[in-house]
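Undergrad: The lines below spell out each chain.
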Amino acid sequence: MTHLAQTLLLGLLIGGVYALMASGLTLIFGVMNVINVAQGALLILAALFTFELWTRTGMDPLVAIVVTTPLMFALGWVIYRLFVARVRNAPISMTVLLTFALAITLEGVMGVVWKNVFRSVTPGYFTRSFHVAGLFIPQAQLYGCGVALLMLGLLYVLLTKTWSGRAIRAASENAQGARLVGVNVGGVAALTFAVGVATTGAGGSILSVLYSFFPASHYLWISRLLGIIVLGGMGSLPGAFIAALMLGVAEAMTQTYISTRWATVVPYIVILVVLLIRPQGLMGAKLREDVAA
Amino acid sequence: MRLPRRGVGRIVLGLVAAALALFPLTGSATAYRETVLIQIFLLAVMAGGWNIISGYTGYVSLGQSAFLGIGAYTVGILSLHVAVSPLLLAPLGGIAAALIAIILGAVIMRTRGHSFVIITIAFLFLMQALALNLPGITGGSNGITLPLPHWSNDTQQLPFYYSLLALMAISIVLSWWIRRSKFGTGLIAIREDEDKAAAIGVRTSVYKIVSFTASAVLVGVAGGVYAYFLTFIDPRGMFDILVSVQIVLAALLGGRGTLWGPVVGAFIILPLSEATNASSQGTHFVLFGGLLMAVVLFLPRGLVPTLNALWARRGGPVPRRPATVVAEPVPDAPLEDVQKHDERPLLELDGLVKRFGGVTAVDDCTFEVRRGSITGLIGPNGSGKTTIFNLVSGMARADSGRVHLAGERIDRMVPWERAYLGMGRTFQITRLFRQMTVFENVVAPLHGFSWRQLGADAVSGPEAQRAEELLDFVGMAEFASHRAEHLSFGQQKLVELAQILMLEPKLILLDEPAGGINPTAIDRMTELIMRLNRQGVTFLIVEHNMPMVLGLCDPVMVLAEGRCIAQGHPQEIQANPAVLDAYLGRGWGGATERLGV
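These protein sequence lines are chains F and H, in that order.
Per my numbering, the first sequence runs over residues 1 to 293.
Per my numbering, the second sequence runs over residues 1 to 597.
FYI, nobody ran anything at the bench for these hints, they're computed from the structure.
You can take every hint at face value.
Here are some, though not all, of the chain H residues that point toward chain F, as calculated from beta-carbon distances under 8 Å:
(1) GLY58
(2) LEU126
(3) ASN133
(4) GLN281
(5) GLY289
Only a predicted model underlies this, so the values are computations on that prediction, with no experimental measurement involved.
Each residue gets a CB set at the ideal place from its N, CA and C atoms; glycine is no exception.
Turn these sequences into a full structure, and let the hints guide you.
TA: Written as structure tokens, this is what we have:
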């Protein structure tokens with residue numbers, strides 16, 4: 001029983017972190033109808049930035065979020081303006097090829113700059129844990145999850161309490177309608193992309209403590225994130241949150257009761273099964289297609 | 001200018017084919033050069049396969065290299081257990097790839113563009129993980145070592161060279177054959193507009209699965225040959241995302257959706273890859289990722305179409321297909337006995353309900369369309385007219401309620417089955433296949449489905465003749481060779497009408513036939529509708545142009561808030577206070593002139 005509770009707890013803790021990472025991907029899809037395949041590579045890039053900050057200045061990786069988040073926001077803005085904006089009117093197949101190409105390029109750049117070696121950030125609390133009621137809670141996981149939830153809270157406030165956030169939500173629900181009431185949908189797209197990429201800043205910083213990583217790890221991460229947003233319903237933030245917790249638990253269970261090796265397969269299975277049985281995911285909307293098109 | 005150009009093309013093709021076939025026998029052949037060519041052929045086969053699913057059908061796959069691995073592992077595993085030359089086992093690799101493509105096809109059958117991309121990524125990595133995690137079968141990360149080639153040293157790599165050259169040739173022939181078959185036209189139709197394709201009788205689910213299978217099978221065979229060539233396979237090498245990048249890049253650079261693009265691309269990309277092989281893996285990724293970005297941004301159509309366009313410009317305008325003149329063309333629409341009494345109505349809607357989230361777009365809607373009538377369907381914006389069309393034509397499923405066509409229940413049928421039963425529909429915003437010519441648009445509809453039909457020529461003689469008659473009938477014959485996207489909106493409406501007439505429909509649903517077109521075109525449209533109706537075609541028409549509706553339609557159904565609130569002769573409708581309330585809000589009853597009459 002304790003064993004099960006322990007597994008659930010660890011699954012939920014990591015699921016909270018996944019939720020933050022997936023929020024950017026699903027937000028970008030919801031507003032722009034673009035799957036940013038480069039989101040995983042950007043996550044690893046942010047983790048590498050955190051690693052640099054930590055080794056050079058000794059800055060705590062979770063504090064580094066205040067640096068990586070604005071950095072990734074700026075990078076997201078630049079990527080949108082330089083590349084994504086140019087294919088906004090192209091068929092969706094071209095936009096996905098573009099972000100895929102971006103992911104490959106980023107992987108290459110990271111390989112050249114940081115070499116293909118595994119790294120991880122190991123602050124003092126890295127190996128410590130709390131013991132509560134027979135359960136052990138690794139401090140890194142707890143802090144990571146806490147910070148992730150905090151960032152998600154900030155994102156929620158941004159989306160619901162600010163004018164820009166409401167514009168983003170309006171554009172994601174109905175771009176035409178948003179345009180009609182005076183939302184500059186093009187500008188909103190740039191902002192959304194930048195905010196979506198900014199979530200990889202915090203996500204990457206947390207990742208750097210919880211996992212070891214190297215440039216090609218991004219495939220694992222993008223698969224995980226895609227699994228989450230497919231399960232949650234593409235474009236749905238609440239869906240992504242619930243799906244992230246579910247995936248976290250599913251991976252933890254697989255790890256405990258089957259093997260670590262098979263845990264990495266969980267996202268792929270999730271993707272195939274969800275798209276076969278319920279293509280719209282848990283909370284995805286089914287829209288009138290002739291109008292949406 | 002066309003004939004000489006084609007002649008030049010054939011000569012070049014013949015020379016290249018001869019050069020490739022004879023190359024190993026010449027003095028300039030070295031083992032290294034042969035190896036490079038073997039890899040080029042392999043890439044061309046893979047890019048050609050990708051082109052079928054992603055170029056023709058428009059479903060982008062980022063995991064096409066998985067089929068290489070499946071073929072390679074099938075042959076690798078078999079070679080450990082049976083004492084047959086792996087080269088002879090290679091076709092089994094193709095069969096394995098095809099079977100897995102069919103299974104995956106069950107997933108893609110229900111999904112659209114985005115989901116498919118995600119599936120293909122997941123699929124590639126799932127295959128890699130399986131190869132790693134099932135060491136009992138695949139040798140895990142240690143991989144599989146195949147037996148060494150059983151032939152003498154003098155033969156060297158020739159069997160591999162010629163096997164893959166042959167596979168490349170087969171792949172080109174397969175692509176060529178698909179493009180000129182009904183199957184290929186259906187694939188292009190799916191790429192251009194999948195819902196529309198289904199509405200004109202393309203059985204999209206089967207087309208998509210067959211297309212995916214066709215894109216996988218030769219890659220599987222090639223994977224089997226390649227495994228034997230390498231004599232060692234492991235999960236990372238065989239399920240490599242970088243191979244997928246090369247496939248996509250080759251096909252895209254050459255020109256997706258073209259016959260020669262993938263081959264041309266392979267001959268450019270692979271040598272480039274070889275030349276930069278010595279550099280670190282990082283630079284390799286930067287090079288290919290950057291190149292792919294550049295192609296997407298600056299050369300999205302690819303080399304072959306771009307060069308073709310340049311050549312065509314140099315050679316002057318392409319001669320236009322002469323308009324055929326057919327004296328008094330009368331389409332022989334199915335002439336049913338127009339017995340309007342004691343027959344079941346052609347179309348019956350019974351208690352239809354459709355909700356979108358909290359909005360009930362169609363709310364317990366019941367009405368019928370008499371055989372031989374021109375029934376009007378009017379109502380304010382948002383009253384559910386187009387949604388009813390979607391429910392009747394099968395583009396959306398009703399939450400409850402029933403639809404019968406000629407006594408047969410159709411509300412659970414997929415769109416193409418409804419088309420086969422004799423239903424055609426047009427769209428408010430016309431949905432022609434924009435990249436196809438007017439003629440190709442009109443011959444695209446299908447009356448039914450059979451496996452033999454897939455392989456039939458894209459256009460049979462009688463079909464071509466019928467299409468010309470129909471284009472003449474709607475007055476668009478002289479535009480037959482124009483691309484649909486170059487037509488005016490009114491012309492597109494006329495072509496779309498001709499297109500669905502190819503289905504020989506009993507019932508035609510017209511969604512705003514007069515919307516957004518000029519008065520002359522409206523008159524023409526009205527006349528066409530009346531002529532077709534005299535031949536026995538029944539119409540259900542959604543229209544906002546009140547003079548047209550009231551002059552043409554009898555009876556007229558009035559829809560408000562998803563419900564049929566009134567029906568009757570046009571005069572009755574005009575006088576009905578409930579109708580005026582629905583249009584103009586309460587208290588306007590009596591203001592007949594506001595209806596524009």
